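*Asks:* If you're matching them up, the sequences are chains A, B, C and D in order. Using the numbering used here, the first residue of the first sequence is number 1, and each one after it goes up by one. Using the numbering used here, the first residue of the second sequence is number 1, and each one after it goes up by one. Using the numbering used here, the first residue of the third sequence is number 1, and each one after it goes up by one. Using the numbering used here, the first residue of the fourth sequence is number 1, and each one after it goes up by one.
The hints are simulated quantities; they were obtained by calculation from the structure and are not laboratory data. Each hint should be verified, as a subset may be incorrect.
Just so you know, same-sequence chains aren't split out, so a pair can sit in one copy or run between any two.
Result set (DMTMM-like, lysine to aspartate or glutamate): computed pairs, CA atoms no more than 25 Å apart in a straight line [what the hints assert, rightly or not]:
| no. | residue 1 | residue 2 |
| --- | --- | --- |
| 1 | Lys152 | Glu72 |
| 2 | Lys152 | Glu18 |
| 3 | Lys100 | Glu15 |
| 4 | Lys100 | Asp57 |
| 5 | Lys152 | Asp17 |
| 6 | Lys26 | Glu96 |
| 7 | Lys152 | Glu32 |
| 8 | Lys152 | Asp42 |
| 9 | Lys26 | Glu46 |
| 10 | Lys100 | Asp17 |
| 11 | Lys152 | Glu73 |
| 12 | Lys100 | Asp27 |
| 13 | Lys26 | Asp148 |
| 14 | Lys100 | Glu72 |
| 15 | Lys100 | Glu18 |
| 16 | Lys26 | Asp57 |
| 17 | Lys26 | Glu99 |
Every value quoted in this text rests on a predicted model; they were computed, and no experiment measured them.
Number of protein chains: 4
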Amino acid sequence: MRIRILITGGTFDKEYDELTGRLFFKDTHLPEMLRRGRCLLDVAAETVMMVDSLELDDRGRQQIVTRARQCEERAVVVTHGTDTMVRTAHALAAAEIPEKTIVLTGAMVPYAFGSSDGLFNLGSALSFVQVLPPGVYVAMNGQHFRWDRVRKNAASGCFEAL
Amino acid sequence: MRIRILITGGTFDKEYDELTGRLFFKDTHLPEMLRRGRCLLDVAAETVMMVDSLELDDRGRQQIVTRARQCEERAVVVTHGTDTMVRTAHALAAAEIPEKTIVLTGAMVPYAFGSSDGLFNLGSALSFVQVLPPGVYVAMNGQHFRWDRVRKNAASGCFEAL
Amino acid sequence: MRIRILITGGTFDKEYDELTGRLFFKDTHLPEMLRRGRCLLDVAAETVMMVDSLELDDRGRQQIVTRARQCEERAVVVTHGTDTMVRTAHALAAAEIPEKTIVLTGAMVPYAFGSSDGLFNLGSALSFVQVLPPGVYVAMNGQHFRWDRVRKNAASGCFEAL
Amino acid sequence: MRIRILITGGTFDKEYDELTGRLFFKDTHLPEMLRRGRCLLDVAAETVMMVDSLELDDRGRQQIVTRARQCEERAVVVTHGTDTMVRTAHALAAAEIPEKTIVLTGAMVPYAFGSSDGLFNLGSALSFVQVLPPGVYVAMNGQHFRWDRVRKNAASGCFEAL
């Protein structure tokens, strides 16, 4: 079983720009994270985009849907900013992609920070995608939610069941 | 659904002793790892022992089996040294504990090291334990194996299917 | 010999705000950094302010000068944002504080990031302040410069001799 | 002014061997540490040996002395295990190398561990070596000691003045 990882940016992949003092996107940290997790899954990763999910518009969202539909793999993990992760989950569900298990995940703290939750979430998403039945899910905080039964609590930063 | 975590030591929890220059066990890093993963699962963790799994004998192994049987939770994660993880998986399977999903996991590099795979594995094990059917499993390298279909390759340090 | 550390904020002490995705100031990391460096110097640290040095105006700068003058210690380290560090060094020199060795230092990457230079710079500044003759200095990139012989190269982010 | 760094191993450079679960020496972390510190000093680093200082015998110690004497630079930093650092300092002093400032430093925790003091000590040693008069010194815990006025307190792991 091969897993497709669609990289879209988000906090996961933010870096610190020494010259401007701002956070920005350079390259994805995903390959490094897979190495660090000694991950031996058959994984094909691709960068669809590198954006802050607050800046992701419908057109960008459609790109993610298109790649999730087109890829050969039946197990798909999408790394995504947490702010609009649920919205992209809805777009993926609306696309009615048959026979695929799609799991969105992200991070509250950039992987480049010592205290990031990214590695935990990646391990979680890659595990859920192997065993959950077809459908669209969000995997955060060690939990998994069906796309229509979750929201991000903006005040706490946590994902919670609807 | 509450998850029981049985902590038994292993590389996961090894620390560096500044005075002797040796690795040793002090306290488990599990609570810190759960915080870092922003884990919101209902988790009850207990330290069964803190040992190098090479030093784990049948009596110690039986302690783990006993706790896995006695605990109320039907989802059980065991953190364990990788060297004899499969052997403990066999002991747990032999005990024929009904209706429980038991997932063993560990780390190749101590969590206290910057490059540890521990957080990835913990996220993975906590996810598998929620969705796999009752049985005993090993979760390492992003993969999961039934207890009787896995071995650790001592040369590569990786777990592989039998 | 006691060393006074005047904390003024800067990249050194920036944290990542999980809820807004922005960098901000909470508490200083200085005590943690001293612990990690197993520093056994007699150090008295105080937070004068917690600001981005680009937002530091003349009034704020004067506060730093005042504290550097008033404190009892003859060795003073100032942690400071790099963007206007040289300007504050000029203000300190203009104040003509007699008999004191004052060393400014900072970081290009926040300490909370895995890749921060902060610990290196702190070790460096605390060492220079013990042995340099009275005067005002900048310690960055392993080097030390007299206040009137240094500038920050905005393009490279490095400090260089004039 | 160019600084020679003589690398001899010690806790500084210990790594974790995933297969054996033991600490060992592979390559030095020094170049990575200099990069992380954004060090812009003119530095020439060489690996004299990679040993635990408890295993350093008189012959090995003599090798260090020889390189310290032969190198062109008048500023020399020696990275060294802490257990016999003072002994090597004595050997260097006994060699009566004229006109050179030699600073020994090390770490209580390997650089590969998240909590290492190595970067702090390196920043400190590189600073002291630029400004101290000729002689042999130990730089640890933010402090510097003349070779004949220091010992390691085995119980606390700290260096203290005689």
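*Asks:* Would you mind marking each hint as holding or not holding in the structure?
*Replies:* Right, here's what the structure says about each hint:
| no. | hint | result |
| --- | --- | --- |
| 1 | Lys152 x Glu72 | neither (30 Å within a copy, 31 Å between copies) |
| 2 | Lys152 x Glu18 | between (31 Å within a copy, 13 Å between copies) |
| 3 | Lys100 x Glu15 | neither (32 Å within a copy, 39 Å between copies) |
| 4 | Lys100 x Asp57 | within (24 Å within a copy, 44 Å between copies) |
| 5 | Lys152 x Asp17 | between (28 Å within a copy, 16 Å between copies) |
| 6 | Lys26 x Glu96 | neither (32 Å within a copy, 45 Å between copies) |
| 7 | Lys152 x Glu32 | between (27 Å within a copy, 23 Å between copies) |
| 8 | Lys152 x Asp42 | between (30 Å within a copy, 18 Å between copies) |
| 9 | Lys26 x Glu46 | within (14 Å within a copy, 33 Å between copies) |
| 10 | Lys100 x Asp17 | neither (37 Å within a copy, 35 Å between copies) |
| 11 | Lys152 x Glu73 | neither (28 Å within a copy, 28 Å between copies) |
| 12 | Lys100 x Asp27 | neither (27 Å within a copy, 42 Å between copies) |
| 13 | Lys26 x Asp148 | neither (32 Å within a copy, 36 Å between copies) |
| 14 | Lys100 x Glu72 | within (10 Å within a copy, 35 Å between copies) |
| 15 | Lys100 x Glu18 | neither (41 Å within a copy, 31 Å between copies) |
| 16 | Lys26 x Asp57 | within (20 Å within a copy, 33 Å between copies) |
| 17 | Lys26 x Glu99 | neither (33 Å within a copy, 47 Å between copies) |
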